[in-house]
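Undergrad: Single-letter residue listing:
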Amino acid sequence: MDLPFHLFPELFWHAFSLWYVIIPAVLLGIIVGAIPGFSAANTIIILLPLALSVDVETGLVFMVALYSSSRMGAGIPAILVNIPGTGGAAATPLDGYPMTQQGRAPQALAMSFMASTFGGLFTSVVALFCLPILTQVVYYVHSVEMVVIMLFGMSLIASIAARDPLKGLVAGLFGMMLGAIGADHIYGTPRGTMGFLELYDGLPIIPALVGLFALSEAFLIIEGESIVSKAGRDLMVKAGWGPTIEGVKMTIERWWHVVWTSLIGLLIGIVPGAGAGIAAFTAYQQSRFFSKTPDLYGTGHPEGLIAPESANNGVTSGTLIPLLVLGLPGGLTAAVMMIVLQLHDVLLGPQLFVEDPKLAYGVIMTMAVTYIFMIPTILPLARYMSRITLVSTSYMTPTILSFTLTGAFVARDYAFDMYLALVFGAIGYVARKTGFHVAAILIGCILGPLLEQYLLRAMRISEGDPMVLFSSTLGNVLWVLLVVTLVFPYLFDWMRKRRAAAEAGAAEARS
Amino acid sequence: MATRRRREIPAAGEFIIPVAAIAFTAYYIWSVRDGPWEAKFSAYLVGTGLIISSAIFLLTRIWRLATTHREPGGGETRWWPPRPVTLRRLALLVLTLGYILAIDYGAGFTLSNFAFLTCGIILLSGVEHWLRAAGVAAALSLGGYLLFIVAFHTRFPEGPFEQFMSRLLS
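Heads up: the protein sequence lines correspond to chains A and B, in order.
Under my numbering, think of the first position of the first sequence as 28, with each following residue one higher.
Under my numbering, think of the first position of the second sequence as 699, with each following residue one higher.
What the hints contain is simulated information worked out from the structure, not anything from laboratory work.
Each hint should be verified, as a subset may be incorrect.
[Said to hold, decoys possible] No more than 25 Å apart at the CA atoms, straight line, and that leaves these computed lysine to any residue pairs for SDA-like: (1) B:Lys738 - A:Val507; (2) B:Lys738 - A:Gly532; (3) B:Lys738 - A:Phe223; (4) B:Lys738 - A:His169; (5) A:Lys257 - B:Pro782; (6) A:Lys257 - B:His827; (7) B:Lys738 - A:Ser182; (8) B:Lys738 - A:Ser170; (9) B:Lys738 - A:Lys257; (10) B:Lys738 - A:Glu225.
Produce the complete structure using the sequences and hints provided.
TA: Printed below as a string of C-alpha cells:
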C-alpha cells in the first residue's frame, strides 16, 4: 500500500472547509459523551436518517467528529463529579476527581482537553503516515497476546490498591466474578443470572458504571455542602483564567507523556474488540510504573490524568484502521459507521484505498482536523464547566441520581438496568465506605469478560493446552514486560528502603 | 503494643463485600454445575481465587478484632455517618426506588423526574426552599424531556405528560 502523500494537503484543506459539519458534531459529541449511557454509537444510530440523507462524505465527517469528541466528553463528568461518561473514561477520575476536590477543576479539565486533543491529533497523524505498518498489528495480535494485554490492564488493581493489596484483590476478583454473569461465550449456558433474562447478554457495563461511581458518589456527597473542600472552594471562587492556562502549560510540559500514552491507545485500538477501557487502564498503569513519583498517583497527579485521557483518544484513531483497511470494526461505534458506509454502497477493505483513496485517507484526515477544531471549541468552556462543582449538594445529588439513572436506562432501553444500577450503587457505597476501591471492581467487570473470552479462545485453539499462552514470540515478550511491570516497583521500593535504612544507620554511627 | 491497642479498629462494615463476594461466588458455581467446562472456567478460576482471598481477608480481620481492644461505634473505616445524615440518606434511597418504580409503572419520565427532583431537593435543602426546588425541578425535567425524549427519542415508558405532548405536537 503506497501512501499518496500528494493528496494529504488537499485532504487537509478539504476537511477544514467542512467546519460547519465538524463544529456542531463536536458539541453534540461532547454532550453525548458526558452523559453516562449515551455513546457515539447510540447517537449515530438515532441520527441514522440524517447520516443517510446527506452525501457519504458529509455523513462520514459528521460521524468521525462525533466519535472523536464523545471520547473527550466522557472525561468531563469523570473529573467534575467522579462519574465517567463511558467505560473508556473509567481511569480518568482516579486523579481527575481528587484535583476537583482540591479546587483545581479548571486546571484538570484543561489538562484533560489538551491531552485528549493532542493524543488524538498525534495518533491520527501517526495512523495516516504509518497505515501500512499499523495494519500489521491486527495480524500479529491474537488471543494469546490479548490475554497478556488484559493482564496489563488488570495489574492496575495492584497499583490503585497499594495500601491494602488484599482489599484490591478481593475487589478486583469480585468485579471479575460479576463481569462473568451471562451466557458463556461458547455454548450460551446461562451463568449467575439469577433468572433475569436481561442478564443473559452479560453484565451491562453502563448500569454497573452508573451504580459504582455515580449513585454511590451521590449518596456520599450529601455529607458535605459541596464536593469541593473548603480551601478548594475559596480557590475556585477566586479563580479566573489562570488555572486553565496553567493546565494547558502543564500538559505541554508533559508532551512526551501524551505522546507515548496515546501510542498505547493507538496500538490497543487497532485490535478489534479491545476498546478504550483497557487502553486507559493500561496507560495509567504504565504511566505509574515509569513515574519517578508513583506514590502521588491517585492524589490528583497531572500525569495520572493525562495518561488515560491521551490513551482513550488514541484508541479512537486506532479503531478506524482495521475498519478502513480490513473492513473489521474495532469497536461498537466503528461497527455502526461501517453499516452507514455500506448503506452508502462504500465497500471497505484494501480496495477502498485503490478505488477511492480520497475517501479512505480523508476519514483519518478528518479525525485529525476534528481534534484541531476541538481546542478552540471546548477549552474556553473549562473555566465555566468547572463552576458546576460549586453547586450545593442539595441540588447536585438529586440531579446526579435522576440523570444517571436515566443514562442507565438509555443504553439498552431496559427499566431493569435502573434497578441494576441501584444494586451496584449499594455495592459501590459499601465499598467506598469500607476502603474497597470501586475502580478495582469496575476494572474486573470490564476486563474480566474480555479476559475470559480471549483465554477460552486460546485454549480452544490449542485443544486445552495451557502452554499455548507461551507459544508466540510477541506474547512471550509481553509476558516478560508484564512480570517486569509487576515485580520492579516492589524491587525498587525494597532497594529504596534498604538504602534509606543504610544511610540512617551511617548517620547514627557518625553522631 | 500500647500503640496498637489505641489504634481504631475497622468497623464490621468491612465484612460486607467479602461475605457478599463469597455468597455470590457460591451461587455462581451452583448455577453452572451442569454446564460444559467452558462455562465453568471463570467460576472455578476466578471464584476459587475470590473465595480464598476473601477468606484470608475475613480471617485476618477477625483475628485483629479478637486480639485488639475494640473501640465501639467508629474506626478508620467507619461506614455509618452521623444519624441525621443516615436518615436523609435512607429517605433519599426510598425516593430513588420510588422514582424508578414510577418510571417503570407508567408515570413516565418527565413527571417522575419532576416529582423526584422536587422531593429530593426539599429533603436535602429544607422545606422552606420548596418554591425554588420546584422551579429547578421543572426546568431540569423539561430540559430532560427535550434532550432525552424529543431529541434522542429515548424509549422511556410513556406517562400522561409525554402522551399529552405527543398529541399536542402531532
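Undergrad: For each hint, tell me whether it holds in the structure or not.
TA: Here is how each hint holds up against the structure:
1. Note on Lys738 (chain B) and Val507 (chain A): the hinted pairing is violated, with a Cα-Cα distance of about 29 Å set against a maximum of 25 Å.
2. Simply put, Lys738 (chain B) and Gly532 (chain A) have alpha-carbon atoms about 54 Å apart, too far for the 25 Å limit, and the pair is violated.
3. Distance check on the hinted pair: Lys738 (chain B) and Phe223 (chain A) sit about 19 Å apart at the alpha-carbon level, within 25 Å; holds.
4. For the given pair, Lys738 (chain B) sits about 23 Å from His169 (chain A) by alpha-carbon distance, which is consistent with the 25 Å threshold.
5. Among the hinted pairs, Lys257 (chain A) with Pro782 (chain B) is consistent with the structure: their alpha-carbon atoms are about 22 Å apart, no more than 25 Å.
6. For the proposed pair Lys257 (chain A) and His827 (chain B), the alpha carbon gap of about 24 Å is at most 25 Å, so the pair holds.
7. Note on Lys738 (chain B) and Ser182 (chain A): the hinted pairing holds, with a Cα-Cα distance of about 24 Å set against a maximum of 25 Å.
8. For the hint pairing Lys738 (chain B) with Ser170 (chain A), the CA-to-CA distance comes to about 19 Å; that is within 25 Å, so the pair holds.
9. A C-alpha spacing of about 51 Å is found between Lys738 (chain B) and Lys257 (chain A), which places the hinted pair above 25 Å, so the restraint is violated.
10. Only pairs whose Cα atoms come within 25 Å are accepted, and Lys738 (chain B) paired with Glu225 (chain A) is accepted, the gap being roughly 21 Å.
In summary, the structure is inconsistent with hints 1, 2, 9 from the numbered list given earlier, while agreeing with the others.
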